[in-house]
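Asks: Respectively, the protein sequence lines represent chains A and B.
Numbering follows our numbering, in which position 111 of the first sequence is assigned residue number 904; successive positions increment by one, without gaps.
Numbering follows our numbering, in which position 174 of the second sequence is assigned residue number 693; successive positions increment by one, without gaps.
Take these hints with a grain of salt, some might be off.
As the list claims (entries may be wrong) - No farther apart than 30 angstroms at their CA atoms in a straight line, the calculated lysine-lysine pairs in the BS3-like style are these:
id : chain 1 : residue 1 : chain 2 : residue 2
1  : B       : 590       : B       : 733
2  : B       : 609       : B       : 590
3  : B       : 590       : A       : 951
4  : B       : 590       : B       : 737
5  : A       : 883       : A       : 813
6  : A       : 951       : B       : 737
7  : B       : 554       : A       : 951
8  : B       : 562       : B       : 733
9  : B       : 562       : A       : 883
10 : B       : 562       : B       : 737
11 : B       : 562       : B       : 741
12 : B       : 554       : B       : 737
13 : B       : 562       : B       : 590
14 : B       : 590       : B       : 741
15 : B       : 609       : B       : 737
16 : B       : 609       : B       : 741
17 : A       : 913       : A       : 813
18 : B       : 554       : B       : 609
19 : B       : 733       : B       : 609
20 : B       : 562       : B       : 609
21 : A       : 867       : B       : 609
22 : A       : 813       : B       : 609
23 : B       : 741       : A       : 951
24 : A       : 867       : A       : 913
25 : B       : 590       : B       : 554
26 : A       : 813       : B       : 733
27 : B       : 609       : A       : 951
Stated by the list, open to error - Examples of chain B residues toward chain A, derived with CB under 10 angstroms:
id : residue
28 : 531
29 : 575
30 : 613
31 : 737
32 : 740
What the hints assert, rightly or not - With beta-carbon atoms standing in for the labels, derived distance ranges:
id : chain 1 : residue 1 : chain 2 : residue 2 : range
33 : A       : 806       : B       : 646       : 26 to 36 angstroms
34 : A       : 846       : B       : 525       : 16 to 26 angstroms
35 : B       : 634       : A       : 916       : 11 to 21 angstroms
36 : B       : 646       : A       : 916       : 42 to 52 angstroms
37 : A       : 927       : B       : 697       : 43 to 53 angstroms
38 : B       : 723       : A       : 902       : 36 to 46 angstroms
39 : A       : 805       : B       : 700       : 43 to 53 angstroms
40 : B       : 665       : A       : 892       : 46 to 56 angstroms
Hints are computed from structural coordinates only; laboratory data are not their basis.
Computed from a prediction, not measured in an experiment: that's the story for all the values here.
No residue lacks a Cβ here, since even glycine has one placed at the ideal position from N, Cα and C.
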Amino acid sequence: MPVSASSWSFTEDDFGAITKALERFLADCNARCALLVDRTGQLVATVGQRPDFDPTAFATLTAADFSANDQLAKLIGENDFNSLFHQGEKESMYLADVARRVILVVLFDSRTTLGLVRIKMRQTVVELTQLFEIVFARGGSAEAVPNILAGADDEIDKLFQ
Amino acid sequence: MSMINYASREINCKIVYYGPGLGGKTTNLEHVYGKVQPDTRGKLISLATETERTLFFDFLPVDLGTIRGFKTRFHLYTVPGQVYYNASRKLILKGVDGLVFVGDSQVERMEANQEAMQNLYDNMAEYGYDLTTMPFLIQYNKRDLPNAASIRELQAALNPGWEVSDPARMRPVADPAHPGEQLIEQLPTGEWIERAPYLEAVAVSGDGVFETLKAVSKLVLKSLA
Chain A
794 MPVSASSWSF TEDDFGAITK ALERFLADCN ARCALLVDRT GQLVATVGQR PDFDPTAFAT
854 LTAADFSAND QLAKLIGEND FNSLFHQGEK ESMYLADVAR RVILVVLFDS RTTLGLVRIK
914 MRQTVVELTQ LFEIVFARGG SAEAVPNILA GADDEIDKLF Q
Chain B
520 MSMINYASRE INCKIVYYGP GLGGKTTNLE HVYGKVQPDT RGKLISLATE TERTLFFDFL
580 PVDLGTIRGF KTRFHLYTVP GQVYYNASRK LILKGVDGLV FVGDSQVERM EANQEAMQNL
640 YDNMAEYGYD LTTMPFLIQY NKRDLPNAAS IRELQAALNP GWEVSDPARM RPVADPAHPG
700 EQLIEQLPTG EWIERAPYLE AVAVSGDGVF ETLKAVSKLV LKSLA
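Using the sequences provided together with the hints, build the complete structure.
Replies: What follows is the structure in structure tokens.
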């Protein structure tokens, strides 16, 4: 799969719809927290209980985890592993691919079960994939979003004096 | 691929330090980590072997200031330099906004430098990225060592210049950091070439580390402006 470096952006409406889908998912499966991470390691959204770890580092490692597993999949003749599960003593996490560009991570504990998380996650991934495909179909949409740095050369120079 | 978050008013960019094994990539990040205010940086994550060789990557997020009310957050990554870690090295390049090639100045490492540079071009090309059109600079590290090659030799081996094909860019551009040197120039053969900007460093003592970070960050932000 060619990895695209093209930029994408979503509007407040997109963000609202994504957040709503994730909140519903968390309520349905009684999980603690869901994070959306872009394949390059950037954190896109966090929903649910605020994580008490560094979310930036978490996002980076999530993307790396997924990328490494993609390569492992290829080695054994699979195209990819579209979901991963890490089990801990108290906390566990389930990761799923969304539209080949984003990773949905859900953190859960003993208040729910892996089976329930997995079933609910499958529906949510379908829903999110549809939402993200609309976002990606809009393209880089660089024109649609005002470039906040346009003409900021002076300010950039000043920052590095 | 930079990410602009309007909700938290942040611009996030990814910078990758590339280069041969034991060249000083991790040392660059460690120095930055040690010197910046703790409230402007995140955790330094190192996925390393027991002998402190980078296995997958090192990662450090730093805030460099505010532009137009947006916090500029740079995610610094290093790659494992050892030749046989190419699979993980390539993964780190995904979505990169700016690159620093950390070259080892020691004469004995010339071949390793060239191999790493070639590997960088190859991996970038596989992603469809063009190194010649994106923020990219070279840091010649370990300038304090007695066996360091001259800058002229290093430039000839690692930064000989790529051909300029856009007629609009065929005009001499001086290198602001090195008086008397050119970033874009016409060769006696008539061909126009462009070189990546370079800096000298002794990462272990911190010389040139922040200069490198500032230079590449500035190139990245200017590429977005």
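Asks: Report the numbers of all earlier hints that the structure fails to satisfy, in ascending order.
Replies: 22, 26, 27, 35 and 36
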